[in-house]
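Between the sequences and the hints, there should be enough to build the whole structure, so can you do that?
Respectively, the protein sequence lines represent chains A and B.
Just so we're aligned, residue 1 is where the first sequence starts under the numbering used here, counting upward by one.
Just so we're aligned, residue 151 is where the second sequence starts under the numbering used here, counting upward by one.
These aren't lab readings, by the way, just hints derived from the structure by calculation.
Glycine included, every Cβ here is placed at the ideal spot set by N, Cα and C.
Hints may contain errors.
As the list claims (entries may be wrong) - Not the full set, but computed from the structure, chain A residues with beta-carbon under 8 Å of chain B: (1) G37; (2) P38; (3) L55; (4) Q91; (5) G94; (6) L125.
Said to hold, decoys possible - Distance ranges between label pairs, derived from CB positions: (7) W73(A) to L526(B): 33 to 41 Å; (8) A340(B) to W147(A): 32 to 40 Å; (9) I435(B) to L26(A): 54 to 62 Å; (10) P525(B) to V16(A): 17 to 25 Å; (11) P525(B) to L137(A): 46 to 54 Å; (12) L619(B) to L51(A): 22 to 30 Å; (13) G92(A) to D152(B): 56 to 64 Å; (14) A340(B) to L51(A): 54 to 62 Å; (15) T616(B) to L81(A): 52 to 60 Å; (16) L153(B) to L137(A): 44 to 52 Å; (17) V16(A) to I605(B): 31 to 39 Å.
Residue strings, one per chain:
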Amino acid sequence: MIGRRKDLSAGILFIVIGALFVYGALGQELGTPIRMGPGFFPLILAGVLILLGALLFLQGLRQPSAEPMVVPWWGLVLILLAPTVFGLTVQGLGLLPAVALVVLISAFASSRMSAWLALLLTIGLTVFCILVFSVGLGLPIRLLGPWLSL
Amino acid sequence: MDLLANLGLGFATALTPVNIAYCFVGTLLGTLIGVLPGIGPTATIAMLLPITLSLSPVTALIMLAGIYYGAQYGGSTTAILVNLPGESSSAVTAIDGYQMARQGRAGTALATAALGSFFAGTVATLVVAIFAPPLTAIALQFGPAEYFALMMLGLITAVALAHGSILKALAMVTLGLLLGLVGTDIYTGAPRFTLGYPELADGLNFVAVAVGVFGIAEILRNLENEHEREVVAQEVRGLLPSGEDLRRMVAPILRGTALGSILGVLPGGGHILASFASYTIEKRISKTPERFGHGAIEGVAAPESANNAAAQTSFIPMLTLGIPSNPVMALMIGAMIIQGITPGPNVVTDEPALFWGIIVSMWVGNLLLVILNLPLIGLWVRLLKVPYYVLFPAILAFSAIGIYSINSNTFDLFAVAVFGLLGYVLLKFECEPAPLLLGFVLGPMLEEHLRRAMIISRGDATVFFTRPLSAALLAIAVLVLIVVLLPNVARKREQVFQEEDA
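Spelled out as structure tokens, the structure:
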């Protein structure tokens, strides 16, 4: 029931990540077993990760191929974009516009969202967040940032 | 009696108006997110962690603990009324609970779940109070070798109890350990794996990783197929169980509580295993097993008691050893560290009010839940109708503000996006995120104790096998690993998790 591609791909992913960590660890001082350097333990772990990845890969080879995956591409892009945009704008534009952007962007990730509902949701949630975090909890984040104060 | 004096201190701490208020807020929030499918206690606690910084340590931990066991309660409400487990541990409750609801006995099922949970919570609180101090005394004898061995045991058990493939769980733990090592090396001050970003000098932000791999990945998974939720019971009547019902539920509640208390201490999703195991036992020893799956009250009483008992006793390793048994406990440890408390056996002597306050607050919280849950069921039912496309933008907005407020560091938000993507990809490959998060928390501790042990033993690696306690712990870890890899057990284990997922 576990598809071939899933084990194969997971194996490859772990091998690649492991290799990156091996590369990083080799740039560090390894030290001796008595006084381990910063690279010693990561190198062992990365080696283990590559080994496990290889085992998964081999296991995947022996399994029948899998059904195609469902990926909500549109939602994926928007959901990952939302926190990124918040990070890019919260210091420049301030908390209020940043929150509004997060809600507005993520709202459209659902296939069931309509423009009006998204707008209502944005206004409602932004007001709610400002009330809870700024007014209620007193978070010291500027509501409107320097980009907006001309 | 020491125990009485300690519990007295606990009550004095837990019953201050502020702490009662936050315990209430925590359990209410916990019930809320437990009721709502698609958002779990791990993501919620991760998001609220920064907000609790303004509270005193004990109040913060009482509230966070409330969210955790409150979610176990709320999850059962959804399971019974909608046949959709709000939490993974209430998946079993859905089998018979939903059938009871369809027969018009939703009220009885909900009351059974509440009573069973309350009884289990009371017993488990006592278990924690009785067993935590002696364990702490043992833990104080631990040297670096023992700590290393204990953490290895914890990680291996977490792997054994994770869903799906053992190989994948092992790889996830290893990846978590590696990610935990990102940042400045404590011995030499050398920056490791920081890719040149000064923001990574203190390591990856724990909350950002947790929200990414649990919160964001979960939202993406829910977006794959959006469907309407159907609420069976519009009006819940007849909350009081009949005498016949009461007679039937006593024994299952007792057995569920005992089983859950034991399994909860095990690392890695103890409460999920507990609810499933207790259901299986009830079905096996029942004289009328054919009633199970068609609305047997025992099938609600036992797993609900078991998962609540396990949720409480999973605090034991966290409170006594400073070692998390599941991702939620890892977050609690994160909360302690942020508050300036070093988790571990010293907590009980250095911060007795905190230690006993948390324990007693669990019982207070359970009492609040019974009072809260039964009359408010109508409200929870209505909440279930909130569509998911309204929920997740709210979740994202809260997470974004919460994460930014920890360090006012925009880098952490980019980390959320990166780990959200990684978590989702791994989820698609059927790799569970829980072992990764445990590894992430334990990574730095594991390395530190390994290096310290090796320095003390002058590079002699046999130290882990010559010290009896360390050798015993490692032997158990190896044994656990061998047992789950045995073909026979591996097949059984697959069946267990398949039924659980059903």
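To see whether the hints hold, each was checked on the structure:
1. G37: OK, holds: G37(A) within 8 Å of chain B, min 7 Å.
2. P38: Hint holds; P38(A) Cβ to chain B Cβ min 4 Å, cut 8 Å.
3. L55: holds, 6 Å
4. Q91: holds, 6 Å
5. G94: violated, 12 Å
6. L125: holds, 6 Å
7. W73(A) to L526(B): 33 to 41 Å: With a Cβ separation near 40 Å, W73(A) and L526(B) satisfy 33 to 41 Å, so the hint holds.
8. A340(B) to W147(A): 32 to 40 Å: holds, 38 Å
9. I435(B) to L26(A): 54 to 62 Å: The hint (54 to 62 Å, Cβ to Cβ) holds, given that I435(B) and L26(A) are roughly 58 Å apart.
10. P525(B) to V16(A): 17 to 25 Å: violated, 54 Å
11. P525(B) to L137(A): 46 to 54 Å: violated, 29 Å
12. L619(B) to L51(A): 22 to 30 Å: holds, 29 Å
13. G92(A) to D152(B): 56 to 64 Å: The hinted range 56 to 64 Å holds for G92(A) and D152(B), with Cβ atoms some 58 Å apart.
14. A340(B) to L51(A): 54 to 62 Å: violated, 26 Å
15. T616(B) to L81(A): 52 to 60 Å: holds, 55 Å
16. L153(B) to L137(A): 44 to 52 Å: Violated, since L153(B) and L137(A) (Cβ atoms, about 38 Å apart) do not stay within the stated range.
17. V16(A) to I605(B): 31 to 39 Å: holds, 33 Å
Comparing the model with each numbered hint stated earlier shows that hints 5, 10, 11, 14, 16 do not hold.
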